[in-house]
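**Q** Residues per chain are reported as follows:
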Amino acid sequence: MSDTSTPDQQAPEPGTALETAGPIPDPGLPAHTWRPTDVDPAKERRAERQVAALFGLSALCTVAFLVAYFTLDVGDDWHVVGGFGASSMALGVTLGLALMLIGIGVIHWARKLMGDHEIVEMRHSARSSDEDREGTLQALDDGLEESGIGRRPLIRNSLLGAVGLLGLPAVVLLRDLGPLPGKKLYHTIWGDGTADAPMRIVRDGIWTPILASDLEIGDLVNCQPDALMNPQRYGIDPSEVEGVNLQVHKSKASLVLLRMDPGDIIPGKAADGGSRDNWTVDGIVAYSKICTHVGCPISLNERTTHHLLCPCHQSTFDLADSGKVVFGPAGRPLPQLPIKVDEQGYLVARSDFDEPVGPSFWERDYYER
Amino acid sequence: MSVDVSKVAKTNGTEPATTSGAPKAAGAIANWADERLGLGTAMKKNLRKVFPDHWSFMLGEIALWSFVVLLLTGVFLTLWFDPSMTEVQYNGSYDPLRGVHMSSAMASTLDISFDVRGGLLMRQMHHWAAMIFIASMMIHMLRVYLTGAFRKPRELNWVIGTLLLLLGTIEGFTGYSLPDDLLSGTGVRAADGFMKASPVVGSYMSFFLFGGEFPGDSIIPRFYAMHILLIPGILLALVAAHMLLLVYHKHTQWPGPGRTEENVVGYPMLPVYMAKAGGFFFIVFGTIALMGGLFSINPVWKLGPYDPSKVTAGSQPDWYMGWPDGLLRIIPPWETHIWGITVSWNIMLPILVAPPLMLMVLMVLPFLEAWITGDKREHHLLQRPRNAPTRTGIMAGLMTFYGLAWAAGGNDIIAIKMHLSINQITYFMRGAVIIGPIIAFFIARRWCISLQRHDEGKLLHGYESGVLVRSPDGGYAEKHLPLPEADAYRLTARDADPTPESVDEIEESGHQVGRRRIRARLQALFFADNVQNPTAEEIEEASHHAEHELHELESQIAAGPNRHGPTED
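Going line by line, the protein sequences match chains A and B.
If you read the first sequence in our numbering, its first letter stands for residue 1, the second for the next number, and so on.
If you read the second sequence in our numbering, its first letter stands for residue 1, the second for the next number, and so on.
Here chain B stands alone, though its shape is the one from the complex (with noise of 0.2 Å):
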């Protein structure tokens, strides 16, 4: 073993060699531990590590504490549960319910509510952490595919990340379930009525979850397995994953001057960093706590234990399950019967074909844009939704699916309260869910297109100023003035879009033929009519033009009606 220098005195003979003190006990234990873990090459990367800073990379941060909290808060949680559908009495101190039959399951949900001391804080602010964890990702991942995050070298953490928010519904449906209360009972026998539609090995697979004939006594304990060990451990390698692979990449940023595609710029991990996102645990943590501590969720005492005989009005999932809901609520009632076998299409259309395709989708959008732009760069600067309109306005679509559905979810709520009739928002519903991602689509792609042409139009003539200037002709007009230079960079750094192969050339090759034509053609659709950044020519001529505009309009002000101030004479 070699000798460690660093310990030995210089100062020979007139000091102690030996350390001494709080600094240097400090010193001591990192020594000890980097000698046996070799901490100072992985932490004198990693301390100083920059990340940049812009709201938006907030939204996945709210999603991994939110997640945090459903650990801390969960783990208390399973202390007193009591995942299990043995019937008893119910003896404790809610009034309304004492002596009523249940599942012990709902009778120690209740304990927890009421006759442990945070018990009901800790199960709302499980329950509030929840939603916030699936809004937060769903929000992440707007931001992320928007600003195109998810291109090359990040397809595969986006691929992560729609892993990430199956996992977190499943685990949402299935901790919402384990109270046994009338309305989340509901909810499993709706999921029973979905298995048993599965092709061929439907009512098996019923009797298999539920150990038998719906309800059973195993299903409660066996979501609570999956709930609080199988899906959380999944989770939790997923999210390691997930941050892994963002410290690796580094993250994107957006473009500015001094931020390339080469660089990252921003705040070190130690100390800026650190604080900013461990403080923001801190405040989510207090909102999640707060919410829990003030707004009341899932009051499972006010509509009692489950009976499989009684349903309440306005029984509804979860709200991230709405949207499959509301496809369940208007699908047209069509069921095939054919040499014996049912075939329950308006069962297995909007539950088990759906969401699975919704989540495929998400999954290869990075890769069919690729393939369709043809774009192998890696790429770390982020784009604003509008410099690619048919990516934004392919998720304008998808979330127009998405929240009409979700609407069609609460299509009686929304009949009571706005006095419509539900049959006509359920044939409305129809309709719309097929023609307004296309509307909406096409609404978000030429609204982004011209907001391009205002950039353009900002970069060639300069920003409006406010000052409008009358002429000794009587005409009006407005001063613009020429956007400063770090502004006017932001704008243009960004790519320009390709021009797709021609036709001849792709027949003269050859080559693929077949394939580079739809490619073509496709890319030709998603790029069309976008603006492209004018050249430098442009903006000098137009910079020429406009300065002489300027000194007009000056001119102007100097001699006619509109000048301000003192007169001169």
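In isolation and in its complexed conformation, chain A is listed as follows (with noise of 0.2 Å):
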């Protein structure tokens, strides 16, 4: 085995099988072993009976899923049995059972009672005969020949091209699959509402709105805009906070307000390069609750710290620092949406926010505001 070649010289013929010639050489296969069921009639006998035996269980399983199936409740009993439903439970053990049982018979059955005689089998190469290639070549060759495609190239051109041109309906026919992303990226419904109707911050889920009063030091609130509850009061048809809409919209202007000490606010600057000083309320921030690396709704304040981290990939936001991005993967800080108090002392927004909430695209910047 010492002799070895370079490859690019001495190669072999592709396709050839490799010849193993090891320093032993090969004892060829080992003589057949008789096995008990094959020399003990009563071990043959007792084997056929286990896998019978093993069938007949099965078959009993598969009675007892159809009485389980027949008598057993779903529905409100999913508690029972730990956790499980006595239905789901007992349809899956004794549907599992059943299935088992079958394999494991058959399995046996092979293993004990079938054959067991290793049997050789010659491989051949996978590559065809040089008699088969030649065959297909001519045949190839002629077929191509009487096609002339290779003579008149006018009408293969065309062929190809009107083909290829058939590529552009099933691209277009997509078109219709969503509209324009358009400006709808860059703006949410929060705004300063009416005249007479600043827009109100409210409390998810109860959407009730939110004295600066109501918030201690290290309170934070999962809010929203009262728009999405009463569109009339700032002017909004109701259809457009519906349905879809309303999770479209809830999507972006998921808001958190957060109270910390005046004192800790770290003066931000605004996106037109203003001063962030009067966006606040006696210390209470605003800021969009979605992260700005992939979206997801941030969620976890670390009370001391006026940190805000996302639950899926950790990114963590300083809240008395403009939402700056203090660990994780986020880009971005978080956007910050200005507000102030109305007449009734409600926390209202100033305006919407002054970037595009959520995670990046490409266009972000691009659009002038």
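Read the hints as simulated data drawn from the structure, not as lab findings.
Even for Gly, the Cβ is constructed at its ideal location relative to N, Cα and C.
Some hints could be false.
[As the list claims (entries may be wrong)] Simulated crosslink set (SDA-like; lysine to any residue; CA at most 25 Å straight-line):
no., chain 1, residue 1, chain 2, residue 2
1, A, K324, B, F428
2, B, K250, A, M122
3, B, K417, B, L182
4, B, K45, A, D130
5, A, K340, A, L228
6, B, K44, A, R123
7, A, K340, A, H187
8, B, K310, A, N230
9, B, K310, A, M122
10, B, K250, A, P27
11, B, K49, A, G28
12, B, K302, A, V244
13, A, K184, A, D130
14, B, K49, A, L113
15, B, K49, A, R35
16, B, K310, A, T208
[Unchecked claim] Derived DEER-like restraints, expressed as beta-carbon distance ranges:
no., chain 1, residue 1, chain 2, residue 2, range
17, B, L481, A, S125, 38 to 44 Å
18, A, F55, B, K479, 49 to 55 Å
19, A, P25, B, A25, 50 to 56 Å
Take the two lone chains, each set in its own frame, and fit them into one complex as the hints suggest.
**A** Have a look at this one:
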């Protein structure tokens, strides 16, 4: 085995099988050994009975399955038997055993009673014979020659062009899958509302407005715009906030309010370069709840540090410092919503966010607001 | 038409010429079918087709049978599942959610779970089968790679296998998104973020897929069409191609006495292999049924319907999506803003680049190895992982990368359970996913080489008998016994590694110099330090030596204080 050859020079013909010539000659297949079931009729009969018994047990399980199906209730009793649900568990166990016993029985049969003589089959190279290859090439040549595709470039090229063009309908047909993004990703439903009714910030779920005095330092409240529940108040068509539209708005407008010591807040800059000084109310800040990484709603509040953590990929934002990313994969700060209080003392939005909320997209900075 | 002479009675006149009775009826049916389908020729070749036996050949079978279970349970689920995002009020049996508004998809999932007998069982079986399907494909792939079963002529079947793994994963994702519960909705939302991060067309892709702005009301029906029609169709076609190639190539086998590159030794398809494989289908099916009945999976009712303003702590995708999710967690916050465009490296690298790259790496592995080794021969005998140390090292590296990235996908859980800082885990993982695979590569490679040395030792010096002998002067030695011939043959039934071309040779020939030099260098690295088979003379000499030593030990045993058994005097 020491005479190794360099592959490029003496590579064997492609497709040839490998000769394994180790230092020890092949002793050949070991002699067949008889199993107890081959030589002892008693053992053979016993194995036969075992296989039949396994099949019989399987049949019993199938009957039990049918009984369970018709006697046990589904529905409210799902917590019966350790939280599995009596019906589901009984059906699963009986069906599982019925199937498994058949499998075990068949394999037992194969191992104990079916012939166990190993058979030798010769392999053939995956490659076709030279003769076949030549025949195929000849047939291919003849066919192509008769079609004249090589001699008639006009036909060939016009066909290729016409078929190629058929790709366009396939693509164009998909156009109506959805509308173009337009400016939708740049806005949320937040805004300053109308002259009489500035847009209130309300608690998510119970939809009640929030007084600044309702919040203690360290409190975090999940919020939504009041416009989602009372669209008419803000001159918005109710159909705008129903069904799918409600979900769309919620997935952009979700907001968190956090109250902290006003002294903790580090003054930041708005997108237009202005100050964020009047964006807060007595240490209450409002930030988008949608993570700027891939868009999970951020939910975990570290009460002592005014940090907010995203449960999906652990991006952490500092709400005292303009929503800056202090840890994790998010690339941008959380957008802040400018807020104030209305005449009755409820927290309201001053405007929409001054940047798109949620995950980044290619043309995000491109659009002039 | 010719006359079928087999039907003509030979005993003319004494017995009726017509066939009768059950076996003859079966023969008639077979004849009927063969005259129309020509089955005889095809079956003659394949009914007694030989399949070699080894436990590791069963792993792909698990994947195949769990796929069948997926098809069966999946069809059951479609009978009740309503893939619609129309908002309805839930009024089914599950008390805590009664009266809650949710999509029809979620409501029908709850109905399947609580109001259809066997529905929850089928849902859970479907989910468990999906996990087993993907896991067994992965382990099967490891087996095929580590034993060299991917080599010529099976490279294309390897490529088909990687595509099956990719499609299985997408199928899994679209499937677990269908119930529209809080956890899966969060996953879909993250997927929306991935899409939006795509260069140039991201937001357009998102709007087209979701039929408008996220979440819209189209994504569930569209995923449903992909999940039950498009992807399973392609999967079925690829599984069929995978099987056909398997039959055409014939299965690989382990080397051993009488088992060579030219033959395949094992049990015939009919009856033994058919019984074992068929029986195994029932075992896989039964195991999945037991799991579906006994182990809760994806209890969508616990978290309720999707709401874009809500999320749960510990949000994680199904396990096979865990490794890109882990990369997504540990990637530094890289985002470039330039000329008004936003390039989100923090999403593109882990999700849009890493998984396709991993798939490409897997796909090219056979071709890369064939190019480096210059091996153009067909291989039907499997190699032990230790006999291809670099190959085994590469897979150890890839597995380590996978494992670490996957662990990073559970960094929050690890932090909570082990009372560690999530920040420190994340910083550690950032380095570990790069350094870990390199370390694993070298450890696995050297480990293989020491195992090769161990094999060589056994060949030349015999195996350790466990009998310790003390010599008259107080030294201890262990009695080694020669390996049985079959075992020695099995250890040596492998190729010698090629010697790379020398640089001088390449330069002299002046043909494709650069290419061949690179290859020669890679080849030298690929086979460096591998242990080759000893020559027949070396084995001969060693066995003489060992025999001599054995005699010496035996005479010491006879003479010294090691004597066992009754004394002779």
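**Q** Hint by hint, say whether it matches the structure.
**A** Going through the hints against the structure:
Distance restraint check for K324 (chain A) and F428 (chain B): the Cα-Cα separation of roughly 23 Å lies within the 25 Å cut-off, and the hinted pair is therefore satisfied. Our distance criterion of 25 Å between C-alpha atoms is met by K250 (chain B) and M122 (chain A), whose separation comes to about 10 Å. For the suggested pair K417 (chain B) and L182 (chain B), the alpha carbons sit about 24 Å apart, so the restraint of at most 25 Å is met. Among the hinted pairs, K45 (chain B) with D130 (chain A) is consistent with the structure: their alpha-carbon atoms are about 23 Å apart, no more than 25 Å.
Simply put, K340 (chain A) and L228 (chain A) have alpha-carbon atoms about 19 Å apart, close enough for the 25 Å limit, and the pair holds. A hinted pair counts as satisfied when its Cα atoms are at most 25 Å apart, and K44 (chain B) with R123 (chain A) qualifies at roughly 16 Å. Among the hinted pairs, K340 (chain A) with H187 (chain A) is consistent with the structure: their alpha-carbon atoms are about 20 Å apart, no more than 25 Å. Restraint check: the Cα-Cα separation between K310 (chain B) and N230 (chain A) comes to about 21 Å, which is no more than 25 Å; the hinted pair holds.
For a cut-off of 25 Å, the pair hint linking K310 (chain B) to M122 (chain A) is broken: about 63 Å separates their Cα positions. A hinted pair counts as satisfied when its Cα atoms are at most 25 Å apart, and K250 (chain B) with P27 (chain A) qualifies at roughly 23 Å. Distance hint between K49 (chain B) and G28 (chain A) is fulfilled; the C-alpha atoms sit about 21 Å from each other, no more than 25 Å. Annotation: proposed proximity of K302 (chain B) to V244 (chain A) holds, straight-line Cα distance about 23 Å (limit 25 Å).
Note on K184 (chain A) and D130 (chain A): the hinted pairing is violated, with a Cα-Cα distance of about 65 Å set against a maximum of 25 Å. Annotation: proposed proximity of K49 (chain B) to L113 (chain A) holds, straight-line Cα distance about 20 Å (limit 25 Å). Between K49 (chain B) and R35 (chain A) the alpha-carbon distance is near 23 Å, which keeps this suggested pair within the 25 Å criterion. A C-alpha spacing of about 18 Å is found between K310 (chain B) and T208 (chain A), which places the hinted pair at or below 25 Å, so the restraint holds.
Distance hint for L481 (chain B) and S125 (chain A): a CB-CB separation of about 41 Å, consistent with the stated range 38 to 44 Å. Between F55 (chain A) and K479 (chain B) the CB atoms are about 51 Å apart, so this pair conforms to the stated range of 49 to 55 Å. Distance hint check for P25 (chain A) and A25 (chain B): the Cβ-Cβ separation is about 53 Å, which falls inside the suggested range of 50 to 56 Å.
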